[in-house]
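Residue numbers (the working numbering), protein chains in the order written: chain Z, 1 to 492; chain V, 1 to 347; chain U, 1 to 260; chain H, 1 to 339.
Worth flagging that the hints you see were computed from the coordinates, not collected in a lab. No experiment lies behind these values; they were computed from the predicted model shown. Using N, Cα and C, we set each Cβ at its ideal position, and we do this for glycine too. Warning: the hint list may mix true and false statements.
[Stated by the list, open to error] Partner residues are not named here, just some residues of chain H that face chain V (Cβ under 8 Å, in silico):
{"no.": "1", "residue": "S111"}
{"no.": "2", "residue": "A122"}
{"no.": "3", "residue": "F130"}
{"no.": "4", "residue": "V151"}
{"no.": "5", "residue": "V155"}
{"no.": "6", "residue": "N158"}
{"no.": "7", "residue": "R161"}
{"no.": "8", "residue": "F293"}
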Amino acid sequence: MRQRKPTGVWRLLGVLVTLLLIAAACGGDEGEDATTQAPATAPEPAPAPDAPEPPAPPATESAPADAEPTGEGASDDAGDDPAASDDVTATDDGAADATGSITIGAISTLDGPFAALGDFSMHGVKLALLEYGGELDGTDTRDGVSGATVAGLDIELVIEGSDATPDVAVEATRRMVEQDGADIIIGPLSGDEGLALKDYIRDFPEVTLVNGTSASQDLTLRDPAPNVFRFGGDGAMWTFGVGTYAYEELGYRTIATVAEDYSYPYDQVGAVLTEFCALGGTVAERIWVPLGTQDYSSFVAQIPNDVDAVFFAMGGTDAINFVKQYDEFTGQAIPLVAGPTAVDQSVLSELGDRAEGLISSGPVVDDSGLAEFDAFAARLDEVFPGQTPNIFNVYYYIATKSALQALEEVGGDLSDASAAFQAALAEQSWQTPIGPVVLDDNRQAVVDMYLRRVDGGIQKTIETLPKVNATLGFDRDEYIAQGSFSRDNPSC
Amino acid sequence: MAPDRRTEAAAGGAQVALRHLAGRAAAAAVGRNQRRAAQLAISGLLIYYVTAKSIQISDRSLLVLLNGLTAAALYFLMASGFTLLFGLVRVTNLAHGGVYLLGGYVALSVQRATGNWLAAAGLGFLFSGGIGILLYVLLRRLRGEGLRETMVTLGAAIVMADQALAHWGGVPSDLDPPAFLQGSLPLPASPLLYPKFRIAVIGLAILAGLALWLLLYRTRLGMVIRAGVDDRDMVSMAGIRVELVFCAVFVLAGGLAGMAGVAGGTYLSLAQGEDNRVLLASLIVVIAGGLGSLRGAGAAAVLVGLVEAFAQTHHAILSVLITFGTLIAVLALRPHGLFGRPVDARL
Amino acid sequence: MAEPPIGRSSPLLDVEIATAGYGTATVLDSVSFSAGVESLGIVGRNGMGKSTLCKVICGLHRNASGSVRLQGKEILGRRPAQIGRSGIGYVPQGRRIFASLTVTEHFQMLGPHRSKDWPIDRVFDLFPRLGDRRSHLGRHLSGGEQQMLAIARAVVRGPRLLIMDEPSEGLAPVVVDTLVDACLSLAADGHMGILVVEQNLHAALRLTGRILVMVRGAIVEDMPTEEFRNRTDLQELHLGVSRSDVLERPRQDSNLRPWT
Amino acid sequence: MRASERWRRVAWPLAAACIGIVVVPITASDFVLLQIVIKSLWLGIAGASLAFLIGQAGLISLGQTAIFGTAGYMMAILTLSYGLNIWLAAACAVASGPVAGLLVGLLSSRSSGLYLMMLTLAVGVFAFFFGQQYQPITRGHTGFNGFESPVIGDVDFNERRPLFYVTAVAAVLIVVALRYVAGSPAGLAFRGLRDNRERLAALGYNPAAVTVAAFAVSGVAAGIGGVLSVWYNGAISPGSIDITRIIELLVVVTIGGAIRIEGAFLGALAVTLLRNFASDFTNRVETLVGAAFIIVVLFSRHGILGLWLEARSRAPQVFESLRGQLRPRSRAAAGPPAR
């Protein structure tokens, strides 16, 4: 008698599941067009600016565009697209593509521990699109922007989230590239995601990846991909100048470092130590904290009593926990020097008074006085009330805007594997909210960094460090030869 | 001077403990109880190792001990409710971490609105208790089907985490401790301090433990709960509406998790992913201690907390491996945990 | 309400189970019998469905269809707590006393559910052993003590019908005798019916007035115990008890009076 | 008659699978083929190892990601760190699956039920942390990137269709093999473990040995799943075996239904579809996934597969007469007494 009750619900569930399966089948149907038509049209000269390129596996999105020459294909499409009810984006995209549109896919960490940073990133993307006539679809992070145009072409924004793991990032990106037909990808947020996406996107030369905030050096430093661009710094560049400042200005001779145990903090610690040790400083202890640790008390306890300062490199929750606990356990007896994201504006308000006076280096300061920065800050607050500039919204903004500017310059021409567009993108040189940017041969930005101090809850400039490059001013070959930073590299 | 004396005392204590253990291990070996001998030998080595290490940086050993106890306190708050719930209702509540997070977040909202930590803690406790009722209702019709109940709580955990993200966003945040628990106390013979609130958390866990003990061993409800842990069908057959007791335990477990969320949200912080982390820790504690055993939860909380603190201090990089390795070893040697009896944990 | 007279005319328990089982396996198939305020025994080999029958009556096994009425009220499909309150006491197979409660707590935990007729001293008069061990935990009791506790736990609620599943299982003959005596004295005042499932034929023969034989989920024989005692053919057929088994234990005819 | 019935039972699904292998790559788009079909297949293979443990042996293991990860890491380490021949590496990696399964089984051999679940959870989490922290072997948090699948002549397994054929054939083989094991005397012992550990012991089996054997068998499937996941992702990192993946595997098997091995593939497909397309309907994908999961579990004992079986058993007389064995159950469920 217990099994009797839920019959109705069961039936409903059955219907739901069936619908799902039908939806899946339709996805397949839609694909059928792509696979059967793509070979037929591939040899033809590209009829539309955004036509697919022969070497790449045909992207689903291109199917409708391809279909134009053959009436049969077009009618097929007309018949099938409505059926693909499970995938509204793809349908819209297909329709828009016929009249000429460009799809931008934005990926950031919308789930998991870095979800807040994902929100910030998307603010930056949307802000750039708003400058091109777009309007917000809604207030949620996953709500897109519609109506933006560049060179007369509509810009579609597709938003995907990951949870900061490479596998999920690749799948999300694959969805944007192959399902939604994204031409340009903005993102991702974290370092290892960036490396994974570099490998993926290399196989799609016509798609362009403009990095968000992934700060892995090897995104551009070693084995770069021709269609990957970074308009910001990497983890080491963001930390540039701190080691020297600590040695020369602050007079520290021995330091300890506390950092999360993965590649991004390795880069930060590596950059600090490279400078600091070159000047004659020594590192007494390198403490690596496993990711996912919340209670830093036992790690604070390992800091030797006799060091001059402690450099810490962390992000988000970890930074908050560390600073708070360091304060509680030591009363800040030994001064702290911070990594760039540990005192990023995105966590400053949560750090509160404890962050006052912390020295760090980084790309974003609040008092640079640049007109572009003030305009950006004002606009950000206007569109997303209460938001202030931080590394995530600024970088995603710069990435998106650079792409849009390059698109404008080439008139939205993405033919020939986006060759013209990528060339224009590589030539982008403009005054961003955080200073001028130009790209080097690896499509890696050379940008200004700032030595900064937390003062009154904002980052104030100590010194502007102009034109920091990917090798921190060292000889390129030597710098690359010393290998990726790791737990014990550099070995000073 | 002082450290030396403490070192000596510690060494002496360890020696006594070791001699005792060695004796028992030998006795067990003579008595052909090889497993027991192996267990004793392993614990002996562990004690020896820990002592040796704590002498090594002796001005930090008190701190490490306190850290271990603080962690243990948080784990105990989580684990006690979890173990009661499992013991009585046979539900492996994988949403326990979600309750922790939501309890903490509700308290955070209340504190932001009122500025009062105690009010925040109280409401966090009540809210989590309310979630306990919701879970109870959700699981009612699956009673007795352990695996399906577990799966439903897993689904609930996924929903809770996402709802927490939707309502409180991903920005990590923390509660401010009440004024009288702000600041730190100096640690003797060490340049380091110890935050008052952490000590209060240890106190809170001890209080909660005492209250639970009184409830379980000094009231009729407690008798019914214990009887239900042993055999809930027989409690039903005694005419007692065991469902009401179940509901009460759901509320209690939820409330305890919420309290842990408030405490953890104050001395650590609240963020996405915390639910899984805390859930994992409390699962470890509950299982290592033995399902349904309050005493076991207490002992295992202390064990896990201390092992974690020592491992983090002395082998930072491999600390998590040591913690989980210990758990695996405990469970492989004692499949029902330290204090567990072979209860029917069939799913 | 007047006490129903002893006998089968006004059944205390009326069972008509169509089927019961686990998943797709049927364990009980068309079981139907009535019991008055009498002492009724169910015998049969292992796996014939006797324990399942007890559980179905008590509401502990819910995959069953048909009807079970206690004093005319349908109880099949009710929750065990309701069934317990409506007047059934259950002494399960394997005793299942509360391992972590003391003997006294077994009675205290019942609170208002304990019958006023059963002050704790009366329990200890019935089972003096339990009185000696009143502050011991359930898990520290011997098998016989545990069985006494299980019976006492069911009885102190003042049930109309006491269901016992294999009460003599795993106990020494001497202990079994003690238990049987206690049960006989319990039933002596004629207020309580007893339904006992037994493998131990001796205990069953001593304790009951009527015997049902269960084979593969169905009742195949129903006769007074006196009659069954002499039907060694049936005993052999349905229980696999050979004549020598029965004779193994010296007969104490004075004790072998049927319960009436 | 029995033989023919048995044959029919095997033949239909096998024929369906063969048709699927032929038809799917023709009809599905590249994206659907890779991200839905192949993903579901390898996730299903990993799930099948768990479905086998749960459905056949009653062992709810959360340590399958450890086995899966061992094989995956083995694949990556042997080729990327040691430059071993890719086929040799693949063979070693697949072989490491049952070995890892054996180890997990040995650790859990004395546990059962919930304790086993938790012990294996600890093993799974240990594997994750090992991957994350023990850098000399595992390269830490970053893990291995840039894995290239093998190429034989013109057949490049980095391409989607070859990868599909490999994965699909592996999936079919695994289903056949696991069903074969389930039908063999060993399968009887496994079910004995599931239904009644004590009785199994009374029958002269050693439950611990049976547990270890079940884990080793499941390790084969998990190992193959792990290797294929590396071929699919071209990478492996601790993120591939973290706690969310542990949970995902459990969700896959539960949604699909562990009652049969095939349920895992159904569950994998459902989860993959949800993850890929749910964001078109809602901004709160995870809530949707969680809620869908709760609903399936609440209303079906054996996931989607259970719904299907139930629907079939309720279907008109035609089916009723064909599947007589389901009748007692529906009669038992016929409900309250007539009077």
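Taking the hints in turn, this is what the structure says about them:
This hint holds: S111(H) has a C-beta 4 Å from the nearest C-beta of chain V, less than the 8 Å allowed. Annotation: A122(H) was flagged as interfacial toward chain V, and the flag holds, the nearest CB pair being 5 Å apart, inside 8 Å. A hinted interface residue such as F130(H) counts as satisfied when its beta carbon comes closer than 8 Å to some beta carbon of chain V; here the least separation is about 6 Å, so the hint holds. With its C-beta approaching chain V no nearer than about 37 Å, V151(H) sits outside the 8 Å limit, and its interface hint is violated.
The restraint placing V155(H) at the interface with chain V is violated, with a minimum CB-CB distance near 40 Å, outside the 8 Å limit. About 33 Å separates the beta-carbon of N158(H) from the nearest beta-carbon of chain V, more than 8 Å, and the hint is not met. This hint is violated: R161(H) has a C-beta 34 Å from the nearest C-beta of chain V, more than the 8 Å allowed. Hint status for F293(H): holds, given a least beta-carbon distance of 4 Å to chain V, under 8 Å.
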